[in-house]
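Dock chain B against chain A, hints included.
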Amino acid sequence: MATQPIIIIGNGVAGATAAREIRKRMSEVPILMISGETELHYSRTALMYVFMGHMNFEDTEAYSRDFWRKNRIELKQAWVTSIRGEDKAIELENGEVLEYSELILATGSIPNKFGWPGQDLPGAQGLYSKQDLEEVEESAKTAKHAVLVGGGLIGVEMAEMLISRGIGVTFLVREKNFWGSVLPFEESRMVGKHILEHHIDLRYEDELVEIVAGDNGRVAKVLTKKGKEIPCEIVGLTAGVRPNIDWLRDTEGLELGRGIKVDHYFRTSMPNVWSIGDCAEFTEPLPGRRPIEQVWYTGKMQATFLAETLSGNEREYSPGIWWNSAKFFDIEYQTYGVVMPKPKEGEEVFFWEDQERKLSFRVHFETASRAVTGVNVFGLRHRHQVWEHWISEKTPVTEVLERLPEANFDPEFFRQVEPEILEKWNTQHPDQQVKAAPAAKKGLFSQLLKTLNITS
Amino acid sequence: MIRESHSIVPPDPQLDKVQRLGLFALGIGLAMLFGSLFKFFSPQLTESLFWVMLLLVMAGGLVYGLRTHLKRPAGIQNNNITRSSISARGALGWTVGIIITTFYVVYYWWPEHIEGMVRFFDPLSQLIRSKPADQWFTYGAFYTIGVLVMGTKAIVKYRHSRYQIIRTCSIILSQLFLAFLIPYWMEAFNKPYFAPNYFWPLEYKVMMPDKFENLKEAGTVGQFIFGWAVVMILLVTPILTYFYGKRWYCSWVCGCGGLANTAGDSWRQLSDKSLKAWNFERISIYTVLVFVIVMTVAVWVTTAFHLIPETSAQLRKVYGFLVGSVMAGVVGTGFYPILGTRTWCRFGCPMAAVLGIIQRFKSRFRITTNGAQCISCGNCSKYCEMGIDVRWYAQRGQDIARASCVGCGMCSAVCPRGVLNLENGPVDQREEYTFDLLEDFKSRHKEKGVQAASAGKPKAKG
Numbered sequence: 001m002a003t004q005p006i007i008i009i010g011n012g013v014a015g016a017t018a019a020r021e022i023r024k025r026m027s028e029v030p031i032l033m034i035s036g037e038t039e040l041h042y043s044r045t046a047l048m049y050v051f052m053g054h055m056n057f058e059d060t061e062a063y064s065r066d067f068w069r070k071n072r073i074e075l076k077q078a079w080v081t082s083i084r085g086e087d088k089a090i091e092l093e094n095g096e097v098l099e100y101s102e103l104i105l106a107t108g109s110i111p112n113k114f115g116w117p118g119q120d121l122p123g124a125q126g127l128y129s130k131q132d133l134e135e136v137e138e139s140a141k142t143a144k145h146a147v148l149v150g151g152g153l154i155g156v157e158m159a160e161m162l163i164s165r166g167i168g169v170t171f172l173v174r175e176k177n178f179w180g181s182v183l184p185f186e187e188s189r190m191v192g193k194h195i196l197e198h199h200i201d202l203r204y205e206d207e208l209v210e211i212v213a214g215d216n217g218r219v220a221k222v223l224t225k226k227g228k229e230i231p232c233e234i235v236g237l238t239a240g241v242r243p244n245i246d247w248l249r250d251t252e253g254l255e256l257g258r259g260i261k262v263d264h265y266f267r268t269s270m271p272n273v274w275s276i277g278d279c280a281e282f283t284e285p286l287p288g289r290r291p292i293e294q295v296w297y298t299g300k301m302q303a304t305f306l307a308e309t310l311s312g313n314e315r316e317y318s319p320g321i322w323w324n325s326a327k328f329f330d331i332e333y334q335t336y337g338v339v340m341p342k343p344k345e346g347e348e349v350f351f352w353e354d355q356e357r358k359l360s361f362r363v364h365f366e367t368a369s370r371a372v373t374g375v376n377v378f379g380l381r382h383r384h385q386v387w388e389h390w391i392s393e394k395t396p397v398t399e400v401l402e403r404l405p406e407a408n409f410d411p412e413f414f415r416q417v418e419p420e421i422l423e424k425w426n427t428q429h430p431d432q433q434v435k436a437a438p439a440a441k442k443g444l445f446s447q448l449l450k451t452l453n454i455t456s
Numbered sequence: 001m002i003r004e005s006h007s008i009v010p011p012d013p014q015l016d017k018v019q020r021l022g023l024f025a026l027g028i029g030l031a032m033l034f035g036s037l038f039k040f041f042s043p044q045l046t047e048s049l050f051w052v053m054l055l056l057v058m059a060g061g062l063v064y065g066l067r068t069h070l071k072r073p074a075g076i077q078n079n080n081i082t083r084s085s086i087s088a089r090g091a092l093g094w095t096v097g098i099i100i101t102t103f104y105v106v107y108y109w110w111p112e113h114i115e116g117m118v119r120f121f122d123p124l125s126q127l128i129r130s131k132p133a134d135q136w137f138t139y140g141a142f143y144t145i146g147v148l149v150m151g152t153k154a155i156v157k158y159r160h161s162r163y164q165i166i167r168t169c170s171i172i173l174s175q176l177f178l179a180f181l182i183p184y185w186m187e188a189f190n191k192p193y194f195a196p197n198y199f200w201p202l203e204y205k206v207m208m209p210d211k212f213e214n215l216k217e218a219g220t221v222g223q224f225i226f227g228w229a230v231v232m233i234l235l236v237t238p239i240l241t242y243f244y245g246k247r248w249y250c251s252w253v254c255g256c257g258g259l260a261n262t263a264g265d266s267w268r269q270l271s272d273k274s275l276k277a278w279n280f281e282r283i284s285i286y287t288v289l290v291f292v293i294v295m296t297v298a299v300w301v302t303t304a305f306h307l308i309p310e311t312s313a314q315l316r317k318v319y320g321f322l323v324g325s326v327m328a329g330v331v332g333t334g335f336y337p338i339l340g341t342r343t344w345c346r347f348g349c350p351m352a353a354v355l356g357i358i359q360r361f362k363s364r365f366r367i368t369t370n371g372a373q374c375i376s377c378g379n380c381s382k383y384c385e386m387g388i389d390v391r392w393y394a395q396r397g398q399d400i401a402r403a404s405c406v407g408c409g410m411c412s413a414v415c416p417r418g419v420l421n422l423e424n425g426p427v428d429q430r431e432e433y434t435f436d437l438l439e440d441f442k443s444r445h446k447e448k449g450v451q452a453a454s455a456g457k458p459k460a461k462g
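Note that the protein sequences, when read in sequence, are chains A and B. Mapping to our numbering: the first sequence position 278 is 278, numbers consecutive. Mapping to our numbering: the second sequence position 388 is 388, numbers consecutive.
Excised from the complex, chain A in its bound form (with noise of 0.2 Å):
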C-alpha cells in the first residue's frame, strides 16, 4: 500500500511554498494540495490589481497548472470541516475523508471584526480571499461611495482599488497618523499627505460605530464617534486580520491561542500535524518578533523550514534580520531590520526626507556602539543583501553613510539622493563628519568609462 500522502490545507504563499519546498527534498512522497478559495495557488498579494485592472485574475496563478502536474503536487479545491487526530484523517465538506501522514495547517487569516452592528450586511466585507474580491467587484457595480476602516496596508490597497473605479472613499483612521502604529510619524505624514493627492477622504481619530442599512437590506450609511453620518454603498472592514482557525475550536488535542499554537519548528500539539503562516501562533516568540507574523515573506520563509524538517534535516525557525515591503499608492516602503515609531532605550534615529519628491530615508542605530539596527526607506529602493549585510555585522551607521550608493537599487538615471542625506548627517553631527566614497556611477555612459579605464 502507497504511504499517505503529506496534506497541506491551504494553497496561499504558506501552503505552496511548503508543497515545493518538500517536493524539492523529497522526490517520492505524494503531496496534496487543499483549498476552498481557489484550486490553484495565487498571489493574494496582487488582487488588489485584479479590480484595477492591471492584471487578469489568471495572471496572479504564481505557477501553472503544469507546474503542479509536472512537481507530482495534486490539488483539491474544497473546504476541510475537521481533522481527525486519532484516525490521522481530515474530513471535507462533502463527507469525504482523506488520510494523511503529515498534516501541514496553513489556512491564513480573516479580516477582523470587531462586534459593529451592521457588520455582517451585504456591502461590509473585508478583502482578504478570492471570494472577497468578487464580492467587491458585485458591490463597486453600482456604489458611489464606500467607507474604510482601518488604517493599514489593506485599507491602503481598497482605497486605491475603489477610486480607480471612480468610488469616492472616506478613510476612517482611529490613530492621529496613519498606520501610526508601525511607521514613525514623518513616514506616516507623507503616506497620509500623499493619500489626499489621490483625492480620498481621509479622517484621523475617527471610528466606526455602526453600520446602517438601507430599504435594500444593504449597507447604506455608517455612524461614527465624532457623530459623522457618511452615506456610503460600501464599507471596507480594513482593521487587520486573525488566524483563520475558527473551524479548528472543537478539534481535540489541538492547542490554540489567537492562533494555532506551534514550535520553532511549526509542531502544533497534535502529533504529525503543522502550522505555517499567517494561523500559526508561536507559543514563545523568537526574540523580537511577532508571536503572530502574517506576512508574504515569512509565510514562505517557515514553510521552507519546515519542508527542511519534514524531510528529516530538523531546523528551528531562524529567519534572520526583518524585512518588508509594500507600496502605498504610488509610494513604495522597504524596510529592513527593525524600525519601531520611537526609538528603543540606547538607540538614536537619522532621518532625511524629501516631501517634494516623497522620498526618505530613516536609519536606527545604537547609541553606544554605533551599529545600524534598521532602516526605513521610502520612494526609494534598496538593497536587501546589503543591508541584510550590515545589519547583522553591526555596521556603524557613519561606515553604512559613506557606502550607502551600495545598497542603491533605484533603477538607471533615477538622481541618487545620497550627498543629500549625507549632507544632512554632516549638518547635524559636525564631529562625526562622513566623506562620500566616490560616487558609484551607474550611468550607461560612466560604465563605459570605467570600463575602458578612462576614468578612475
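Don't take each hint at face value.
As the list claims (entries may be wrong) - Now the stretches of chain B that chain A is said to cover, found in silico as 3 or more residues with beta-carbon under 8 Å:
| # | region |
| --- | --- |
| 1 | 11–20 |
| 2 | 68–77 |
| 3 | 141–154 |
| 4 | 378–389 |
As the list claims (entries may be wrong) - Here are some of the chain B residues that sit facing chain A, going by a computed Cβ distance under 8 Å:
| # | residue |
| --- | --- |
| 5 | Ser7 |
| 6 | Ser161 |
| 7 | Arg162 |
| 8 | Ile166 |
| 9 | Ser170 |
| 10 | Asn370 |
| 11 | Gly371 |
| 12 | Ala372 |
| 13 | Gln373 |
| 14 | Ile375 |
| 15 | Gln395 |
| 16 | Gly409 |
| 17 | Pro416 |
| 18 | Arg417 |
| 19 | Gly418 |
Source of the hints: derived by calculation from the structure; they are not laboratory data. Cβ coordinates follow ideal geometry from the N, Cα and C atoms, glycine included.
Frame of chain A, contents of chain B only:
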C-alpha cells in the same frame, strides 16, 4: 498634520470633457485624412487642409494623451487595461487592428488606391525634401507622427521614472532624425537614401550588390554610408551589446521598438507568455536570421560569378515579401491590438536575433532581483512585451539573462516591491545565487565568481 486642500472626488475613470475634446479633434483630423483618399478636397484648399489635419491629429492626440495621464499623480497608470475594449482585445481593439492591417496591405501591394492620401502629404514632402510625396514618404510621416505624439504621451505616463523619460526621448529623436528627417534631407541634397539607425541584417538592402553599386557611384558619401553600415554591425553592435545588452538598440534606437513603446504602449501586455510561444520564438527568429544570411550570400555570390541570378533574385523577393512586408509590417504592426507589440521584434527580427545571441552569451546586461522581496504578483510578466515570464525568475530570486529581453525596463517600473533592476556592472562582481531563505546571510554572501551568462540557466520551466 499638514492638510492641503484636495478634492475628495476621485478622478473620473471614464473620459472627461478634456479627453473627449482631444479625441474629437483627433477624430476630425483622421476623418480629413480618410477624406483625402477620395480626393475629397478641392486642389486650392488641399494644402491648407493638410496643415489643419496635421494640427488636429497632433494636438488632439496630445490633449487626449496628456489629460489621460495627468489626471492622477505620477506613478504606474495601468488602471482598467484588462477591461478596456481597445487594450483588451475588445471590439475597439479588433477594429483598430483590422484598420492598421488593411492599411499595411494596401500600402504594400495596392498603393494606387491611396494616391489621394499620398498627394495630400505633398506639402510636407515639399517642405522636407523639395519634391512630391510618394507612398513611402507618407508612411514614414505617419510613423513619425505616431512616435512623436504617442511618445510624448508615454513620457507623461511614465513621468515617475527617469529611465523611461530618457529612453523615450531617445526613441522619439531617433525616429524623427535618424529614420525620417536625415534620410529625406539626404535625398533633398541628391544623396543616396540613408537611415543611420538601420543596418544589416534588419536593413538588408544596404548590403545588397545593387545598393553597393549605387553607393560606389555616390563617391565619398556613398563610401561613408557603406562604411557606417559595416562598422555598425561588425564593431559597434558587439561592443555596445557586450556592455549594455541589446537594449541600446532595441529600446533606444530602433524605430520598430520605438513604435512599439510609444504608439503600441497600451498593448504591450498582450504578448503571449506561454512556453509554447517561447519555443516558437526560438525557432522562428533564428530561421529568419539564417534566411537573411543565406539570401545575402546567395545574392552576392550569384552576382559576382554571374550564376543563376534569377534564383537569388527570387530568394531576395521571397524574403522581402515574407519577412520585410508580411512579418515586419502586416503582422508585426497591424496585429498590435491582438498579439501585442514587439511581435516582429520577438519572432522575426534578424537584428534582434544577433543582438540576442550576444546578450545571452557575452554581455554584462542582466535584470537582477532584490533578495527575496518578490510577492509573485505577476505585473512584471504581464507587462513584458517580449512575453518573458519574468516572475518565474523573480520569485525564485534569480537574475534574468534572456536573449529576447529588450531592456525596456517596464518590469522594473511596474514591480510594486522594487524587486527588479536592469544592470550592466562588471560581470565578475555579480553574485549568481538564488536567495535561499534557509541560509543566514553569511552563507548567502560567500564569494561566488560565477559568470553572467549562466544566470539565465533554466532551459525550460518545470
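Structure-based check of all given hints:
Check result for the region 11–20 of chain B against chain A: holds, 4 residues qualifying (beta carbon to beta carbon below 8 Å, three or more required). Coverage of a stretch by a chain is defined here by at least three residues with a beta carbon nearer than 8 Å to that chain's beta carbons; for the region 68–77 of chain B and chain A the count is 5, and the condition holds. With a cut-off of 8 Å between beta carbons, the region 141–154 of chain B has 0 residues touching chain A; three or more are needed, and the interface restraint is violated. Against chain A, the region 378–389 of chain B contributes 4 residues with a C-beta closer than 8 Å to a partner C-beta. That satisfies the three-residue criterion, and the hint holds.
Evaluation of the B/Ser7 hint against chain A yields a held restraint, the C-beta minimum of about 6 Å falling below 8 Å. Hint status for B/Ser161 relative to chain A: holds, with the closest Cβ pair at about 6 Å, below 8 Å. Below 8 Å, beta-carbon pairs count as interface contacts, and B/Arg162 has one with chain A at about 4 Å; its hint therefore holds. For the restraint placing B/Ile166 at the interface with chain A, the shortest Cβ-Cβ distance is roughly 5 Å, inside the 8 Å limit, so the hint holds.
Taking 8 Å as the C-beta cut-off, the interface hint given for B/Ser170 is violated, the closest approach to chain A being about 11 Å. Here the hint on B/Asn370 is kept, as its CB sits about 5 Å from the closest CB of chain A, short of 8 Å. Because the closest C-beta pair between B/Gly371 and chain A is about 3 Å apart, less than 8 Å, the hint holds. Below 8 Å, beta-carbon pairs count as interface contacts, and B/Ala372 has one with chain A at about 6 Å; its hint therefore holds.
For B/Gln373, the shortest C-beta to C-beta distance to chain A is roughly 6 Å, which falls under 8 Å, so the interface hint holds. A hinted interface residue such as B/Ile375 counts as satisfied when its beta carbon comes closer than 8 Å to some beta carbon of chain A; here the least separation is about 5 Å, so the hint holds. With a least beta-carbon distance of about 6 Å to chain A, the hint placing B/Gln395 at the interface is held under the 8 Å criterion. Among the interface hints, the one on B/Gly409 holds; its C-beta lies about 6 Å from the nearest C-beta in chain A, closer than the 8 Å criterion.
The interface hint given for B/Pro416 holds, since its Cβ lies 4 Å from the closest Cβ of chain A, which is under the 8 Å cut-off. Among the interface hints, the one on B/Arg417 holds; its C-beta lies about 5 Å from the nearest C-beta in chain A, closer than the 8 Å criterion. Against a cut-off of 8 Å between C-beta atoms, the interface hint on B/Gly418 holds, since the closest Cβ of chain A lies about 4 Å away.
Violation of the numbered hints given earlier is confined to hints 3, 9; the remaining hints are satisfied by the structure.
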